[in-house]
Amino acid sequence: MKKYALKRILTSFFTLLAILLVLFILMHLMPGSPFNDEKLSADQRSVLYAKYGLDQPVVVQFVRYVGNMLRGDFGVSYNISKNTPISQLIQTRLPISIQIGGFAVLIGALAGLILGLIAAIWHDTFWDTLATIISVIGVSVPSYVFALALSYQFGFKMKLFPMLFSAKMVLKSSVLPSISLSMFTMASIARFTRTEMLEVLGSEYMLLAESKGLSGPALIFRHALRNALIPIITVLAPLIVDLMTGSLVVEKIFAIPGVGSLLVTAIQSNDYNVVISLSFIYSAMYIAIMLVVDILYGIIDPRIRLAKEGNET
Amino acid sequence: MKRTKAFLAVLTASAMVLGMTGCGGSTAPASGTTAAAGTAAASAAAGTTAAAGTKAAASSAKTSATDLNVMLETEVESLDPQQATDGTSFEVIADYTDGLMQMDKDGKAIPALAESTDVSSDGLTYTFHLRKDAKWSNGDPVTAADFVFGWQRAVDPDVASEYAYMLSDIGQIKNAAEIIDKKADKKTLGVTAVDDYTLKVELVVPVSYFSGIMYFPTFYPVNEKFFNTCKDTYGTSPETTLSNGAFILDEYQPASTSIHLKKNPDYYDASRIKLSGINYQVIKDSQQALMSYQNGDLDMTLVSGDQVDQVKDDPEFKSVGAGYLWYLTPNIAKNSDLANQDLRLAITYALDRDSIVKDVVKDGSLATYTAVPPQFAAGPDGSDFSADQDKFKDVCTYDTAKATECYNKAKQTLGKDSFTFEMVVDADAAPQKVAQVVKEELETALPGFTLNLKVEPKKQRVQDLQDGNYQIGLTRWGPDYADPMTYLGMWVTDNSNNYGLWSDKNYDSIIADCTTGSLALDAAKRWSAMMDAEKIVMDQAVIMPLYTQCNAEMVSSKVTGVEWHPVALNRVYKDASKTE
Amino acid sequence: MTNTTEMNIPAADTFTDDDFTLKQNSSEIGIDTNFASQSFWKEVRARFMHKGSAVFGLVMIILITIFAIIGPGMNSYTYSAQNLAQKNLAPRVPGLEKIGIFNGDENLSTTKGSKIVNTYTEKKLTNVYYWFGSDNFGRDIWTRTWQGARVSLIIAVAAALIDMIIGMSYGLISGYFGGRTDMIMQRFLEIANGIPRLVIVTLLLLILHPGILTIIFALMLTEWIGMSRIARAEMLKLKEQEFVLASRTLGARPFFIIFKEILPNIIGPIITQVMFSIPTAIFTEAFLSFVGLGIPVPQCSLGSLISDGFNSFTTHPYQIVPPIIIMALLMLSFNLTADGLREALDPKLKEM
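Protein sequences appear in the order of chains S, V and Y. If you count the first sequence from 1, position 77 lands on 77 in the numbering used here, and the numbers rise without skipping. If you count the second sequence from 1, position 53 lands on 53 in the numbering used here, and the numbers rise without skipping. If you count the third sequence from 1, position 178 lands on 178 in the numbering used here, and the numbers rise without skipping.
Calculated directly from the structure, the hints in this document are not laboratory data. Treat the hints loosely; a few may be bogus.
Derived, one-sided and incomplete: chain Y residues facing chain V with beta-carbon distance under 10 Å [unchecked claim]:
hint: 1; residue: Gln82
hint: 2; residue: Leu84
hint: 3; residue: Thr110
hint: 4; residue: Thr111
hint: 5; residue: Asn136
hint: 6; residue: Leu208
hint: 7; residue: Pro210
hint: 8; residue: Asp308
hint: 9; residue: Ser312
hint: 10; residue: Thr314
Ideal Cβ placement from N, Cα and C applies to all residues, glycine included.
Working from the sequences, and respecting the hints, build out all of it.
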């Protein structure tokens, strides 16, 4: 297990490097430049390129960028916040996205698990249908509609929560955004939990456990849920990363200074360093979570052996 | 049991991994953090950039009762006066910095830090006499050397300011162009501090609107001594910013969504300022903004065209000019059909501009029938260059009969019965809406005419226009300074913004006379010559103007004295006041 | 023990028919029915039909599809014709307006309080009806909703099917072979996942013309990852089971094992994931419309209608309601159908 984890971490470095290279190339294929193309002449643009080293060949820029990254210098922003070091931008924005995303994951996962369990245990009854309907609403209404509806009802009309995010009352103003973000997760987890639990509940070892005299919570949690967890974790893991790196629309609606809107704006305005750094962080988080998930597979289900070749007889 | 322990161990490990990968290392761990983490992160970031220790960021209530709560559509890009290029940054910088001139409510330049100005008779030398009582917020007096330092930064290729062309192409300051091209040292720039309170500027050719560009933040002074103490972080926080203007910056972070300024008690004109401070909030969703306004959280907000139905009967609703001209640009050089003037005239006659502004844009924008938009440039006699929107009525108006006539002529000359064109459009809500209506109008009025829409991200659209890789483009142009030349200069042969590559020798010579030639000094003659030039553009339908952008704003009845400008500084608050 | 001589049993040849009466207790005894071996799919269909919610789901899908085909033609409006004089009209249905609902009234909330407005009477449009109302260009929302449903269904189903084929194969192969193959394939997946979707789509649209095919292609490039993860997870679960070992011992080749042995066992989560990739596809298309990379105007999809209607959410909420309800119904139906299918297809539940 340890050797496997080590091997994975090592290959992760190469993967991240490969991602960086692809990103670099793709960004430089995007139309336009990071600067005001409409008002600047080609000569003026070349002065700017010279200052930031953008006139060098892509490979040279790449090598220099990676070298700087290892020293913690992620470059500067070209237009979203001119000449601001990316590390500073990320330092202020990422924790907020992670916080709200974290709340959303917690709410979504817990609510989803509960809904899914209810639907599975009392399946084909009214509760199942109700849980299904709730979770379907979660997947069929886009999060920005939820966001605006929640803000309108609970923020504007009922004045229970602030309508916009404010650094002065972080907890209170995070509630509505987190709930809006969590709806999709809740629905996904609920459906998956239900599917997996139904399969597990119908299998022979559950029958055996029941006939051994186990019932109720012990049965569900110690036996059933453990086995259903693997696909659930598989679905949850990338959702976590997605949520943590912010959702553009919810951030836009609640005026949250997070990384989701930063990334989209950067892509549209060719702010290369912002796109590359944020994508890099996103990929790093994704790889880390997938590694954790793969290790968890092995622990939860000892039958899974990842290190072995599959073709031995 | 052993398995559960292992399970828990891995769970904790993963939480730590998340924490470490998720944050830049110095701040709080991942999910499950509380309010403290949010504010701790904010103050940590501010702390690392500041030279001194005062933690102005987050927490305590800095807003007081007569603070003005203003909505911003987008974040500030830069608070470095020589680096900023967008309206939002300009507005905030001008709140806490004064330059040689300031804007009066009509957008004309009036003295600010320059008490008086002497202009030489050949128009090539300006001598500004600075007032002696202006101070920076650290106590230093504002001197001419501060201006020299700032202007040299603007042309310094190491700084690579995107607005450097304000000093070279537009300001025509001596040696500016050479310094930008790295052919001269920045110390040779034609601006000198004769003494502490006298600034001398030398131009290459006379520029009639020179005083008018002095209120652009690119020309604002910078305290060199202070700048050198925080070179890399200048303008990124209240601690790395100096104020010599009406307000002082006291809460700001790069790309933050809320900014706060408080009144500057040491401002030389402090008695004029009635607000206790300004509280900016960035809100990108207009429905949320309107609801915040109705809640009382905002005193001023922008309203989108879709919401105008809700507010048009409200006395607090007003429409203010934003200066942009939206127009269609046909690719005259590369498309043989569009090279035909009758076809172009047919297009411009077939456009129902009134319907576009009333039914689609709805925010009070003005239908425009001139190449230079109204309400932004006033001439020597004080009148608006484009006040008379009917002056080109014979070539530009909504007349489907004339459209058909020209269309038939074009069909005959070109020997075609139907035309298909592709129009490139920005992928934003407003241009797409306008494009759809334009398509409908043209296809209905001109049978056989098909207009296909090509929606692209803005950067792509700009590149296509500049490369000449388009047939018709829907684009807009915002004025860089308050003079019609900012528009008319675009259609000179080979100008990079002359997307259709139209060329006319007469036009070129008139423009040359006005900028560097015989008319440059005679304001009245220049003005009428520019009108002649505009006539050439309109007669040949080089572009089809659509409308001039206006913004729909809600302003609380408690607030008075806010000034809006279509050029340079969007809003000025020096005379604003708010009742309780 | 009874002494048989003491029982009054007549001799065997003295039994007559009158001595016997039918007990008529066929309902009490279990009768052995011969279950003729039915075809797998007949069983599946029978089990599916047995489940009420699944049938409801299927019926709704069929109904919506039918309306998607005939809906736009049901009235004289087209999906792209603009009529600026008749924009932003509330729903008005000829029959129902007499009862007082859908008569063109709308509750307009202005900054000075809300008021009831009827643009039809204001503009004297007595014979004009818009069943779902008209949007801010004066286009009929009924027609656009069904047109949008058509486009969304085509995009989503095409994308989901392609994702299923590509993603599933990738995940199954990666999971089965394990070791270095798995490692390389998963690393490649991580690289593909690390590139923001928006960058890929923007670049794609530089090369291809915006349209339905391009959207499907873009969705395909970005959504196959989820499916492959699920397939791999399920493969890992089942790889070590005895029936796989048995198959291998019998000499089956890897691809046979993957697709004929293991695949039928994991149909359940696969179908669930496909059913999930359909709303994801619609959502992704809506997000792309939001940033200008989606369906080119004036065409529409449910996603683009929702993002368009979003801007009028607080002024004319009726514009966003029909596409959302149709989308919700579609999702609900796909979910219920998927559940029914999953239970019907599950070989473990197969009765002998």
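Double-check threonine 314(Y) for me: the hint is only fine if its C-beta lies closer than 10 Å to a C-beta in chain V. 5 Å, holds
For the hint on aspartate 308(Y), does the least C-beta distance to chain V fall short of 10 Å? 9 Å, holds
Given hint serine 312(Y) near chain V, where the shortest CB pair must fall under 10 Å: 5 Å, holds
Just to be careful: measuring from the Cβ of leucine 208(Y) to every Cβ in chain V, is the smallest value less than 10 Å? With a minimum Cβ separation of about 12 Å from chain V (threshold 10 Å), the hint on leucine 208(Y) is violated.
Minimum Cβ distance from asparagine 136(Y) to chain V below 10 Å? With a minimum Cβ separation of about 7 Å from chain V (threshold 10 Å), the hint on asparagine 136(Y) holds.
Measuring from the C-beta of proline 210(Y) to each C-beta in chain V, is the shortest one below 10 Å? Where the cut-off is 10 Å and the nearest Cβ of chain V is about 7 Å from proline 210(Y), the hint holds.
Chain V contact restraint for leucine 84(Y) - C-beta distance below 10 Å: Holds. Min distance 4 Å.
Using Cβ atoms only, decide whether threonine 111(Y) comes closer than 10 Å to chain V, and label the hint accordingly. With a closest approach of 5 Å, the threonine 111(Y) hint holds.
Go through the hint on glutamine 82(Y) and say holds or violated, using the shortest Cβ distance to chain V against 10 Å. Where the cut-off is 10 Å and the nearest Cβ of chain V is about 5 Å from glutamine 82(Y), the hint holds.
Hey, does the threonine 110(Y) contact hint survive, CB to chain V under 10 Å? The hint holds - threonine 110(Y) has a Cβ within 10 Å of chain V, the shortest such distance being about 5 Å.
The structure does not agree with numbered hint 6 stated previously, though it agrees with all others.
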